[in-house]
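Listed here are the chains, written in short residue letters.
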Amino acid sequence: MTDVVMPQMGESIVEGTLTKWLKKPGDRVERDEPLFEISTDKVDSEIPSPAAGILSEVLVQEGTTVAINTVVARIGDSAGAAAPAPQPAVAAPPPTPAPAPVQAAPPVQAAPPPPPPPAPAPVAAAPAATAEDIDALGPLSPLVRKMAREYNIDLRQVSGTGGGGRITKDDVERYLAGSRAAAPAAALAAVPTYAPAPTAPAPPPPPASVPPPARAEAPRNRVEPMSKMREKIAEHMIFSKQTSAHVTTVHRVDMTKIVKIRAASKKQFEEHYGFGLTFLPFITRAAAEALRAFPIVNASIDGKNIIYHGDINIGIAVALDGGSGLIVPVIRNADEKNVVGLQRSIVDLAARARSKQLKLDDVSGGTFSITNFGSYGSIFATPVINQPQVAILGLGAIEKVPVVIDDAIAIRSQMFMALTFDHRLIDGAMADQFCQKVKAILENWSEQVI
Amino acid sequence: MPRLCEFRDLGSLGYDEAYALQRELVSARKAGSIPDQLLFVEHPHVVTLGRNAKLAHVLAAPELLASAGIAVAETDRGGDVTYHGPGQLVGYPIFDLKDWHRDVGAYLRAIEEVLIDALATFGLHGERDPEATGVWVNGAKVAAIGIHMSRWVTSHGFALNIDTDLNYFRYIVPCGLTKPVASLRSLGVTAPADAVRRAVLTAFEEVFDLEIAHLAQLTEQQ
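Protein chains in written order, with the working numbering: chain X, 1 to 450; chain W, 1 to 222.
Among the hints, erroneous ones may be present.
As the list claims (entries may be wrong) - Pairs of lysine-lysine, DSBU-like flavour, derived with a Cα cap of 35 Å:
1. 98(W) <-> 400(X)
2. 98(W) <-> 30(W)
3. 30(W) <-> 359(X)
4. 141(W) <-> 24(X)
5. 141(W) <-> 20(X)
6. 24(X) <-> 241(X)
What the hints assert, rightly or not - Listed next, the stretches of chain X that the computed footprint assigns to chain W, with coverage defined by at least 3 CB atoms under 8 Å from CB atoms of chain W:
7. 5-16
8. 290-299
To be clear, the hints were calculated from the coordinates, so they are not data collected in a lab.
All C-beta atoms, glycine included, are put in the ideal place defined by N, C-alpha and C.
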């Protein structure tokens, strides 16, 4: 058996991400044949096999980041295989406990470990782990070592779920949670609480009694990798949430006038132009006007500078069929188009988005976005800003509601319009003035032609 | 003693063609049949996705770009999404680091050093960002780096914006606005691209202690 380890790639490099296995368990591999690929910062490297034989065990899955010298695989001898010469690079792999990735590790609580002593006295009753014992656990992060010291944990009692069976912070926390559950209530108060102390003195179910999520998936669950597009959407959404100070303000818009205009011209419009007339171009038109009046909403942040975009390019969020994703094609110079032109652009972009015929120019350069969740029945939602923009307008469903006008009840078509804005740049008063402008244009639609 | 390094300026060459040449040179370098190689090239518009490609704008999902007929290349270099195009100096060092230092971190820092030295020729103060490999001037990224390595033989390399149309970067990484990109031109340097190439080449010679042998540009094949 030859251990294959995460190689040392340079002095400053302490870990690497295993990006790809080039061989499967059971495959025959020659010495020096590329075996896996790793990624460290800006460098991708192919790592050759240190020995010839059969790849018997893969201990670290693709996508896992592990410390250097972690054993990532084992190569077994096979009949007829040339005896592998010991490779200098793998001369001294630290013994790492073999993880059991398939066989689910029993939850820590199943076999309650000795509870930590009530006070974190350094001279503890717990069996002292020698430095060698700790070393035998393989590479440990400084955080894990620190936690072990602070909470006086015998790390040998902690089952590691990290790459190569490494003990992670989560493992230690889970161990602590388990210990606390087992510890007598009196001792509980004395044990330093790792989890944030609850402010309420007695939360009804003690959190410690909640079992940790099982690592192994239940048999009825299905695990599948995200599509590339889903991955990008996930990254993009998190990136936006981390970047902007999201605030959503909601305004009620009386759409009765627009509903009437649309109803009156719908048939003729469709006959004349060959596509239907929706509410979206009216709202886009109103938003473009309001963006012209409030350029800060049509801006981006660049370090400590504000970029006021000269063009008003409005992105329209389009849901792709089957929940496969979301795309935001852009209507360029939306302020220069009338309702017909906007409707034509929307129809064209949405069709091309769904048939994947969009060009790069169609999806780039947006300065503001509109998302119409109302088309799926939502009343209002809090959309996520499309970076690097600073605001997004969300449209709720238009519904007939009773409203009080001059102390009489009337039936009006109403829409909740939500504006999510980046509070780093736009203050609430500004955002609300912007919304009031959009609302005023829609409620007093005066254009004779559409 | 300086090590021999053969240098070729490929002029304008498609990404795939240049990649094929790199692979050829890498295997020859691994076999020890050629010395270190340095290629300079300018690519037509292309978006390349490194192995760690992430934070790409959702709109620039690879399937989508491909279906829209935009050149997209998935590559085996490290790093994120980037853009190459006219006005950009792309350099591919095919170095055997066993003959230098077996240290990829040191190699990245040395490539940065080369570019920082070259920028200094034009009065620009290039800097490193400890968080992000590349070369920065006043907080704007002027050169990107992404490397592949196989048995210590490097491929891929760096891209330095000389007078690149920076608008293309907006297409790829809209968060580029929070970390802006720059070119020598946008930083006020009007020196011709040739002078920049010479400065980078000289810096390579010094930083890596190379003796550069100029090879004639490849003859047009096909």
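Inset, instruction - Report the numbers of all earlier hints that the structure fails to satisfy, in ascending order. - result: Those not satisfied are hints 1, 3, 4, 6, 8.
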